[in-house]
Amino acid sequence: MNRNREVIAQAREVSKSYDEGRIAVLRDVSLAVRAGELVALWGASGSGKSTLLHLLGGLDVPDRGTLRVCDLDPVDERSRLELRRHRLGFIFQLHNLIPDLTVEENLRVPALAVGRGREETAARIRELTTEVGLAHRLGHRIQDLSGGERQRTAICRALVNRPQLLLADEPTGSLDELTGATVFALLKALAERDGIAVVLATHERRFAEACHRIVRVRDGRLEEIAA
Amino acid sequence: MHIFSLICTNLRRHRWRALIGTAGIAFGVAAMLTILAIVTGAIGMFQRILASDSHYLVFERNVSDLFFSSVTREQVAAIRARPEVAAAHPVLFGIVSAPDHPVITCFGIEPDDPRLAKAEWRAGRREDFGSRPDEIFLGARAAEFLGARAGQTLAIGRGSFRVGGVFKTENGFEDGGVFLPLAAAQAFFHRGEAASVVTVQLRDQGEGAAFKGALEAAQPGVIALENREFNSTYNSFKILNFTAWAVGICAFCLGGLGVANTMLLSVFTRIREIAVLRVCGFSGRQVAGLIFGEAAAVAAAGVVAGFVIGFVLLGALERLPQFQGYVQASLQPLVLAGIVGTAFVTAAGGAIYPARFASRIQPAEALRYE
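If you're matching them up, the sequences are chains D and C in order. Just so we're aligned, residue 869 is where the first sequence starts under our numbering, counting upward by one. Just so we're aligned, residue 2 is where the second sequence starts under our numbering, counting upward by one.
These are computed hints drawn from the structure, not numbers from a lab. Yeah, the Cβ is synthetic: ideal placement off N, Cα and C, and Gly gets one too. Be aware that one or more of the hints could be misleading.
[What the hints assert, rightly or not] Far from chain C, some chain D residues (derived; all Cβ distances over 12 Å): (1) Val875; (2) Ala912; (3) Gly925; (4) Asp1037; (5) Arg1061; (6) Glu1092.
[To be verified] What the simulated footprint calls covered on chain D by chain C, stretch by stretch (three residues with Cβ under 8 Å from a Cβ of chain C suffice, anywhere in the stretch; the number is not a length): (7) 942–954; (8) 975–984.
[Said to hold, decoys possible] For the chain C half of the interface with chain D, some residues (derived, Cβ under 8 Å), not all of them: (9) Thr10; (10) Ala188; (11) Arg361; (12) Pro364; (13) Leu368.
This is chain C alone, in the form it adopts within the complex (with noise of 0.2 Å):
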């Protein structure tokens, strides 16, 4: 017999309170993955559409947030006049309601912006976006949800604009997105001539920290970031990374609680076997390595299910038809160990007392109430 033969006999002869405990880690699991996956998915999503063929994002320096960011007409062609810069894209990010819809991503582009060409064309033709300027152009799911086909009269905010297009794109923000021509969008939102941020296409990607030193040494009014770094600091995506493993976390504790809950009622209805294991030469710390031996496994049983639970679950919210194109679960391989290894951890931390106390128990005084 093997010491692990041991711990799954122990976890068998109680096998409520082990499902117990693989349960609160189980939904710590589940939670964890679910939440981090939408977020995750939903910052990759921002991510693409900011660095929608690009190498550089230029934005107004010390700006809170993208959609409060200004570049100046100025600015842009300067950026264009750069030696380095092949292509540089303005965009201009605002916030749309229509009836029963208050909140509808809008993106001011000008036409020959990368992401229209790569775009799958369900209605209208890409050459006629921006030739009207009452037009308005719909992603595929946004075209859905708002129920507007080619051609017919949709209100947006206080106007009226006619659908000239839907297209559908791989971005689920950009796909339930309404986008205008960047002029109009401009003028729409009260922004003059400026666009929210720019993306820039260099013709060598080596030429980039040239790029960055003199454009800003030109402009200091913006800040030119790498996609790269500019994912690592945009306070926005940090925010949310972090709510999201603080939620996970909270809901770990609770599974915590449980394996605490399950190892402690564990070790004091085996005090007498306990006692027999230590008279038989288990040591303290072999007796405490046994608890922690129980925990690990309610812990690995709690990922099996968690994972199997956190998937079912993000299949289901990305199948949801009020979800569908929000949801585009993503998950890196460090990200899914840090859910393993938080969940070992909250087990072993659960188990802590229970194998503490299980190592302290006395032969004599376990044996003597026979």
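Bound conformation, chain D alone (with noise of 0.2 Å):
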């Protein structure tokens, strides 16, 4: 990976807790994810990863340390409002769509959050539709998709705007074997293709292991280890 790509995600030395402060989640980490790379936040269930992603999302606050992404503080609202927008797209276990919206009209929320065209966006929605094989089920209700289906149309949705950083919480985890692989494969070409930075957070050796970058989650700390 090219150490000199720009750093799009950074976090230094932050901590967060919940319950007052009674449960300590993340233990001074500090993190910098660079454009185009795939980096793994690897380790068990409550270990901290999600809580990662959301502070870096700017979906939650940290108690302590600093937060750069994309040049914005995401603690800050305004520019939490810009990251979400148009700099980070989210990508979550279980998709999260709006099940009663065809696919398309889960694939416009995005756009329509920042007001842009429908021409425009059509055109987007095609583009990214076709390179994921979703074209023939735009049309289609949520509930008519098989899970990898949803799962892409959530990538897809993640997309729409054009994102710097996708930040994706155990894309795979509700997957079967095969399906969770071709979803892997996708988040990966996204990566090495388009030069988004890409934080999976995943509890699966076998993708952590695929990505550029493993850092394992354990006990509220970082460790990274060789990929």
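Dock chain to chain to rebuild the complex, using the hints, since each chain is given by itself in its own frame.
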């Protein structure tokens, strides 16, 4: 991986606890993710992987430490909105799509948030769904899709506004082995071909080992191990 | 996809809740529409009784209700003597009773009163009005509910009268009233030679101010009001209007609670989805806008349904034999706009808390419990 590439997301000595400090989830962790990198946050359930993703994505704020994502401070409310709208995309273990909308309508939601034009959005959706093999499913409702198709739709939704950073929280966790592998391959291609920084939280070793870097999350601390 | 289709989808997914909210607004709209239409119609009918072919209305100064007003014969004569006056018609209002009908409006008028000329005579002749002191004339509706025909004798109050004629008027109150010659009415109600009001037709309407000034200076016991002026200042009209709006707004408050309940349930069951919208870039304001949009859609559906219910109800009331003639629904565009406005304000009011709650949902908190 090219070490000269731009740092997209950086956490410095970040700590986060819940229940008024009684449950420490992250302890002084530091991490830098560059453009085009696929970084695995690997660890058991409850180790703090999701919390770190939420902090990087501005969904939560740290108790201590500093965060910088796409040259913005995700703790600041305005920057946070800018990040979510234009700079980063989220993928969850459960796809979190809106069930009664069609694939196309779900993919229009992020464009709706930024007020992007109908035609421009339609072109972007066509491009994305063609790439992931979902172009023939645009008019179908979410409940009519398979697990893999749902997750691919969720990936497309995260990419609609052309983010620089993709935060994927156990995206293969609810999929069978083969479908999981397809989804993982898609994420890897996004990093290597499109230069998107991808942070993948996973407990599955095989996917972690296929990433550019593995950062092990244990007891609220990060440990970089060889990929 | 437009934000509107997202709103429609959300309402469709919770269609029963949305229907309950819609029903709340619809009943509010229907209640307000019906009450206001009836009251406005009733006021309109009363105004037309007073304003029959006239420009000014003269009555006793500082009187609380026109039924208690007394304009003396001398005052009537003074009005007629004014050079600006083309015609002046004294009218005495009273309430009489008949077996099974305790409240019937009675009009004491002179034979040359314009309302007799305009009426459609079903029995008897206009020329006979006032020719016999023991004769009473009936509005067509009154004749119907009293079961009376021309030539019959009718017990009214403590007296008996021969029905001299029956005529149809366009005004529901007049049509359901009984008419006596002015002198007979004055004797019946022990009012001496007084009238309740005098309707005045001027030779030139531009001389209204001169007429009013001169009359009130010469006759300080009376007040002359232009019909338009009277309608806006008469206390009974104000009270009726206020009551109608108050009852309607109370109905709307219930509708507003329905919307609040609908929206709150809708938000509570979609916390996770709203969190995802935030993750996708929706601002707190956009989320609040979505909730307000849903409330507005509920209100719009409620207004349409409410108008349908209200107009059907009014149509039914106008056709009911018991109310026939008395219910003459009348709605001005401004009143309709007021009803629509109240519906939307109520729905928006009901959506304030749900929208505030939704806009403050923290995505991380909501998504933590997968």
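Any of the earlier hints contradicted here, and which numbers? 3, 4, 10, 11
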